[in-house]
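Chemist: Assemble the whole structure, with the sequences as input and the hints as a guide.
Those protein sequences? They're chains A and B, same order as listed. Take 1 as the starting number for the first sequence in our numbering and just add one per residue. Take 1 as the starting number for the second sequence in our numbering and just add one per residue.
No wet-lab data here; the hints were simulated from the structure. Hints should not be assumed to be uniformly reliable.
Derived lysine to aspartate or glutamate pairs resembling DMTMM-like cross-links, with alpha carbons at most 20 Å apart [said to hold, decoys possible]:
{"#": "1", "chain 1": "A", "residue 1": "LYS41", "chain 2": "B", "residue 2": "GLU54"}
{"#": "2", "chain 1": "B", "residue 1": "LYS71", "chain 2": "B", "residue 2": "GLU54"}
{"#": "3", "chain 1": "B", "residue 1": "LYS101", "chain 2": "A", "residue 2": "GLU44"}
{"#": "4", "chain 1": "B", "residue 1": "LYS96", "chain 2": "A", "residue 2": "GLU44"}
{"#": "5", "chain 1": "A", "residue 1": "LYS36", "chain 2": "A", "residue 2": "ASP85"}
{"#": "6", "chain 1": "A", "residue 1": "LYS18", "chain 2": "A", "residue 2": "GLU53"}
{"#": "7", "chain 1": "A", "residue 1": "LYS19", "chain 2": "A", "residue 2": "GLU67"}
{"#": "8", "chain 1": "B", "residue 1": "LYS96", "chain 2": "A", "residue 2": "GLU53"}
{"#": "9", "chain 1": "B", "residue 1": "LYS37", "chain 2": "B", "residue 2": "ASP84"}
{"#": "10", "chain 1": "B", "residue 1": "LYS57", "chain 2": "B", "residue 2": "ASP84"}
{"#": "11", "chain 1": "B", "residue 1": "LYS96", "chain 2": "A", "residue 2": "GLU106"}
{"#": "12", "chain 1": "A", "residue 1": "LYS52", "chain 2": "A", "residue 2": "GLU24"}
{"#": "13", "chain 1": "B", "residue 1": "LYS37", "chain 2": "B", "residue 2": "GLU5"}
{"#": "14", "chain 1": "A", "residue 1": "LYS36", "chain 2": "A", "residue 2": "GLU106"}
{"#": "15", "chain 1": "A", "residue 1": "LYS52", "chain 2": "A", "residue 2": "ASP85"}
{"#": "16", "chain 1": "B", "residue 1": "LYS96", "chain 2": "A", "residue 2": "GLU67"}
{"#": "17", "chain 1": "A", "residue 1": "LYS22", "chain 2": "A", "residue 2": "ASP85"}
{"#": "18", "chain 1": "B", "residue 1": "LYS37", "chain 2": "A", "residue 2": "GLU106"}
{"#": "19", "chain 1": "A", "residue 1": "LYS40", "chain 2": "A", "residue 2": "GLU67"}
{"#": "20", "chain 1": "A", "residue 1": "LYS36", "chain 2": "A", "residue 2": "GLU56"}
{"#": "21", "chain 1": "B", "residue 1": "LYS57", "chain 2": "A", "residue 2": "GLU67"}
{"#": "22", "chain 1": "B", "residue 1": "LYS101", "chain 2": "A", "residue 2": "GLU56"}
{"#": "23", "chain 1": "A", "residue 1": "LYS40", "chain 2": "B", "residue 2": "ASP39"}
{"#": "24", "chain 1": "B", "residue 1": "LYS101", "chain 2": "A", "residue 2": "GLU84"}
{"#": "25", "chain 1": "A", "residue 1": "LYS40", "chain 2": "A", "residue 2": "GLU106"}
{"#": "26", "chain 1": "A", "residue 1": "LYS19", "chain 2": "A", "residue 2": "GLU84"}
{"#": "27", "chain 1": "B", "residue 1": "LYS1", "chain 2": "A", "residue 2": "GLU44"}
{"#": "28", "chain 1": "A", "residue 1": "LYS36", "chain 2": "B", "residue 2": "ASP39"}
{"#": "29", "chain 1": "B", "residue 1": "LYS113", "chain 2": "B", "residue 2": "GLU5"}
{"#": "30", "chain 1": "B", "residue 1": "LYS37", "chain 2": "A", "residue 2": "GLU44"}
{"#": "31", "chain 1": "B", "residue 1": "LYS101", "chain 2": "A", "residue 2": "GLU106"}
{"#": "32", "chain 1": "A", "residue 1": "LYS40", "chain 2": "B", "residue 2": "ASP67"}
{"#": "33", "chain 1": "B", "residue 1": "LYS57", "chain 2": "B", "residue 2": "ASP67"}
{"#": "34", "chain 1": "B", "residue 1": "LYS113", "chain 2": "B", "residue 2": "ASP84"}
{"#": "35", "chain 1": "A", "residue 1": "LYS36", "chain 2": "B", "residue 2": "GLU5"}
{"#": "36", "chain 1": "A", "residue 1": "LYS22", "chain 2": "A", "residue 2": "GLU67"}
{"#": "37", "chain 1": "A", "residue 1": "LYS18", "chain 2": "A", "residue 2": "GLU67"}
{"#": "38", "chain 1": "A", "residue 1": "LYS41", "chain 2": "B", "residue 2": "ASP67"}
{"#": "39", "chain 1": "A", "residue 1": "LYS40", "chain 2": "A", "residue 2": "GLU84"}
Quick caveat, the model's predicted, so the values are computed rather than measured.
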Amino acid sequence: ETGVTQTPRHLVMGMTNKKSLKCEQHLGHNAMYWYKQSAKKPLELMFVYNFKEQTENNSVPSRFSPECPNSSHLFLHLHTLQPEDSALYLCASSQANRGTAILNTEAFFGQGTRLTVV
Amino acid sequence: KNQVEQSPQSLIILEGKNCTLQCNYTVSPFSNLRWYKQDTGRGPVSLTIMTFSENTKSNGRYTATLDADTKQSSLHITASQLSDSASYICVVSAPKAAGNKLTFGGGTRVLVKP
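Modeler: Written as structure tokens, this is what we have:
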């Protein structure tokens, strides 16, 4: 148990489906992140939320839509995905203190959701 | 362009032996460098975080070194155990004034055999 819980662990969806990934952190952190990890490629930062506000969107296609209703929960809404979007999607959280650059803080990762788009 | 190159891509070692993983980066300016361990099918777990002023940091049998002048880091695993089989990822961050970007290495996959 890492303190960051992701559901579901595995998801298979068609290209016309709409699904959502959920992340919940029990660490009292105020920053949350979505990462994508494709086979044989480095981790890619997708979105950053700091105190529920999106502070970074790394040119992610609009078929990925994040939502952060509070500092403990983060969602990634998926629609009309492509097969190349199949990957491990990782959620992370960290404690971002004032004056500290958010991405310099130690991130704690969830187990990930293995997504397959067919 | 900021890059983080890790070598080797993969290695196999016998249980009880030592090994060293390399991370070379071009990120400049530089804020900190981290090593993560990622077991298959799980999220990464932080092993060490080093700022530019630190040149070594240990976490149990894991010892990371950093040479900010040559922009090189290494992760040394001592007396390897079967549970050390995992991917090891090097991550370098730029400071806030430089956009606070993270650059990830491609990882080194380590397999420890009995």
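Chemist: State for each hint whether it applies.
Modeler: For each hint, the structure was consulted:
1. LYS41/A - GLU54/B: With a Cα-Cα distance of about 29 Å, the restraint between LYS41/A and GLU54/B is violated, given a limit of 20 Å.
2. LYS71/B - GLU54/B: 13 Å, holds
3. LYS101/B - GLU44/A: Between LYS101/B and GLU44/A the Cα gap is close to 11 Å, so the pair holds against 20 Å.
4. LYS96/B - GLU44/A: The hint holds at about 19 Å.
5. LYS36/A - ASP85/A: Since the Cα atoms of LYS36/A and ASP85/A sit roughly 9 Å apart, the hinted pair holds (cutoff 20 Å).
6. LYS18/A - GLU53/A: Distance ~24 Å between LYS18/A and GLU53/A Cα, so the pair is violated.
7. LYS19/A - GLU67/A: It holds: about 13 Å lies between the C-alpha atoms, which stays within 20 Å.
8. LYS96/B - GLU53/A: 18 Å, holds
9. LYS37/B - ASP84/B: 9 Å, holds
10. LYS57/B - ASP84/B: Distance of about 18 Å is within 20 Å: holds.
11. LYS96/B - GLU106/A: Answer holds: LYS96/B to GLU106/A is near 15 Å, not above 20 Å.
12. LYS52/A - GLU24/A: 13 Å, holds
13. LYS37/B - GLU5/B: Given that 20 Å is the threshold and the Cα spacing comes to 16 Å, the pair holds.
14. LYS36/A - GLU106/A: Holds. LYS36/A to GLU106/A sits at ~18 Å (cutoff 20 Å).
15. LYS52/A - ASP85/A: Violated. LYS52/A to ASP85/A sits at ~25 Å, over the 20 Å cutoff.
16. LYS96/B - GLU67/A: The given pair, whose Cα atoms are some 25 Å apart, is violated under the 20 Å limit.
17. LYS22/A - ASP85/A: 17 Å, holds
18. LYS37/B - GLU106/A: Cα-Cα ~14 Å, so holds.
19. LYS40/A - GLU67/A: 28 Å, violated
20. LYS36/A - GLU56/A: At roughly 14 Å apart (the allowed maximum being 20 Å), GLU56/A and LYS36/A satisfy the hint.
21. LYS57/B - GLU67/A: 37 Å, violated
22. LYS101/B - GLU56/A: 10 Å, holds
23. LYS40/A - ASP39/B: 15 Å, holds
24. LYS101/B - GLU84/A: 24 Å, violated
25. LYS40/A - GLU106/A: Violated: LYS40/A and GLU106/A sit about 24 Å apart, past 20 Å.
26. LYS19/A - GLU84/A: 16 Å, holds
27. LYS1/B - GLU44/A: Holds, at roughly 16 Å.
28. LYS36/A - ASP39/B: Holds, because 16 Å separates the two Cα atoms, which is no more than 20 Å.
29. LYS113/B - GLU5/B: Not satisfied, since the Cα-Cα distance of roughly 25 Å exceeds 20 Å.
30. LYS37/B - GLU44/A: 16 Å, holds
31. LYS101/B - GLU106/A: Between LYS101/B and GLU106/A the Cα gap is close to 14 Å, so the pair holds against 20 Å.
32. LYS40/A - ASP67/B: It is violated: about 27 Å lies between the C-alpha atoms, which goes past 20 Å.
33. LYS57/B - ASP67/B: 12 Å, holds
34. LYS113/B - ASP84/B: Answer holds: LYS113/B to ASP84/B is near 10 Å, not above 20 Å.
35. LYS36/A - GLU5/B: 19 Å, holds
36. LYS22/A - GLU67/A: Given pair LYS22/A, GLU67/A holds - Cα atoms ~10 Å apart, limit 20 Å.
37. LYS18/A - GLU67/A: Status holds; Cα separation ~15 Å.
38. LYS41/A - ASP67/B: 26 Å, violated
39. LYS40/A - GLU84/A: 13 Å, holds
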